[in-house]
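Protein chains in written order, with my numbering: chain C, 1 to 83; chain S, 1 to 83; chain L, 1 to 155; chain Z, 1 to 155.
Derived by calculation from the structure, the hints in this document are not laboratory data. These figures come from a predicted structure and were not determined experimentally. Since no wrong hints were added, every one of them can be taken at face value.
Below, simulated EDC-like cross-link-like pairs (lysine to aspartate or glutamate); rule was C-alpha separation at most 16 Å, straight line:
id : chain 1 : residue 1 : chain 2 : residue 2
1  : S       : K16       : L       : E131
2  : S       : K69       : S       : D2
3  : Z       : K100      : L       : D104
4  : L       : K100      : Z       : D104
5  : L       : K56       : L       : E116
6  : S       : K40       : S       : E21
7  : C       : K16       : Z       : E131
8  : Z       : K56       : Z       : E116
9  : C       : K16       : Z       : E48
10 : L       : K56       : S       : E59
11 : S       : K7        : S       : E21
12 : S       : K16       : L       : E48
13 : S       : K3        : S       : E27
14 : Z       : K56       : C       : E59
15 : Z       : K100      : L       : D111
16 : L       : K100      : Z       : D111
17 : L       : K2        : L       : D59
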Amino acid sequence: MDKKLIKIVCFAGLRKYFGSETSVFVEDGASYSGVIDALKALNPEATEVLPSCRIAVNEAFVALNEPIKNENTIFLIPPSSGG
Amino acid sequence: MDKKLIKIVCFAGLRKYFGSETSVFVEDGASYSGVIDALKALNPEATEVLPSCRIAVNEAFVALNEPIKNENTIFLIPPSSGG
Amino acid sequence: MKHLQYTDLNYSELFDEFRNPNSGAVVLFSGEVRDNNKGREVTHLEYEAYEPMANKMIDEILLEAVSRFNLNQAVCVHRLGRVEISGCAVVVITGAGHRKEAYDANQFIIDKVKNEVPIWKHEFFTDGTSEWGQNCDCVIGTGEHEHDHHHEKAE
Amino acid sequence: MKHLQYTDLNYSELFDEFRNPNSGAVVLFSGEVRDNNKGREVTHLEYEAYEPMANKMIDEILLEAVSRFNLNQAVCVHRLGRVEISGCAVVVITGAGHRKEAYDANQFIIDKVKNEVPIWKHEFFTDGTSEWGQNCDCVIGTGEHEHDHHHEKAE
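With the rest of the complex left out, here is chain C (with noise of 0.2 Å):
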């Protein structure tokens, strides 16, 4: 199957794992929650962290069992903790 490269942007409490930005290969037709877990294999240290994020596209929040679209960058967003 074909792969495609995810390049994914990271924020507060999760650069220490990932940096400010990383990218992992997926599976064409794959789910965002392959990415997540693209994002476990890379960093088995963020396994603990990763359940509570959520991933945004376009400024949206999508669903992690929806098939990624043709998007080439993601955001990937920690629990908030504004106010």
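Dock chains S, L and Z against the given chain C, drawing on the hints supplied.
Relative to chain C, chains S, L and Z alone:
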């Protein structure tokens, strides 16, 4: 029975019935509600508004069934409308 | 008097006095004069109070709120005299470690001040008439109503 | 950006912009930096956001609040960058005809902003360490919790 003269200080909408202050005679040993009754007799047009008024003595509300103590001046307090 | 004033309320001054490194949440309520009330156009208001008693009661309400809601600070100042449209009639500020207490205490204070404290609003309308306000539509007549506050009845 | 700023928040300016003759009640919430958190002494905070998305989400939250609570106005500005102790991290102002709507809407907005909007707090402690904040103690682990907000889970 002896009577005593009580001065009543009036506020806000009550002044239209009694002016800023008025006086009534009540019997010795009367309760504060005796003052309310005397005010109704003084100006029957106030009969509608008096039931919603409270009486204050020494900057504190008193129960209307309490006997009047040795004070000569009471304050007639219409419903609050601050804020 | 501390809780009553005849001059404009200055929010930023009140707020600045309020700085407290333990307060994570500060809530300010401002009750402002609307240009209409029950369909009638209002030109301005005038507030009157039984001043020493009103001042003392606000003091007591603030103390009660501080202990009940574990506040770091609580302020309430009510205007007296003439207040224009959009002018501020009353300010309540509460500061607490967390926001729920600050909101709840703020509402507790303004509810008590409006319902209990001897302060009265005189509304002036564009048609030249004026009327003494009521916060509670139900107090004239039997005195029976649905509110959780209580007006002692004279009979 | 309209709802995010790197400079100090100025209450009185925000309040002055807010004058509206239909608003009988204005509620302001200020979230301020405390000198301690869970028993540790804090020196200051730094806020970071996914800025375009955070700005857009705050805009949408305000629009929702205005229509749901029938507000005349709603403002929310969140600080980014370094905020000192007692400094203001976020301000929410709501104006409505009556006070219940203004309070309820204000709480609705700050709850949503804290729980949903991609803004993060970096806390710096007196012992020289720092930590990225969490508003919700329960999100690490199973993600199961009692709150009425929802974190989508990655698995």
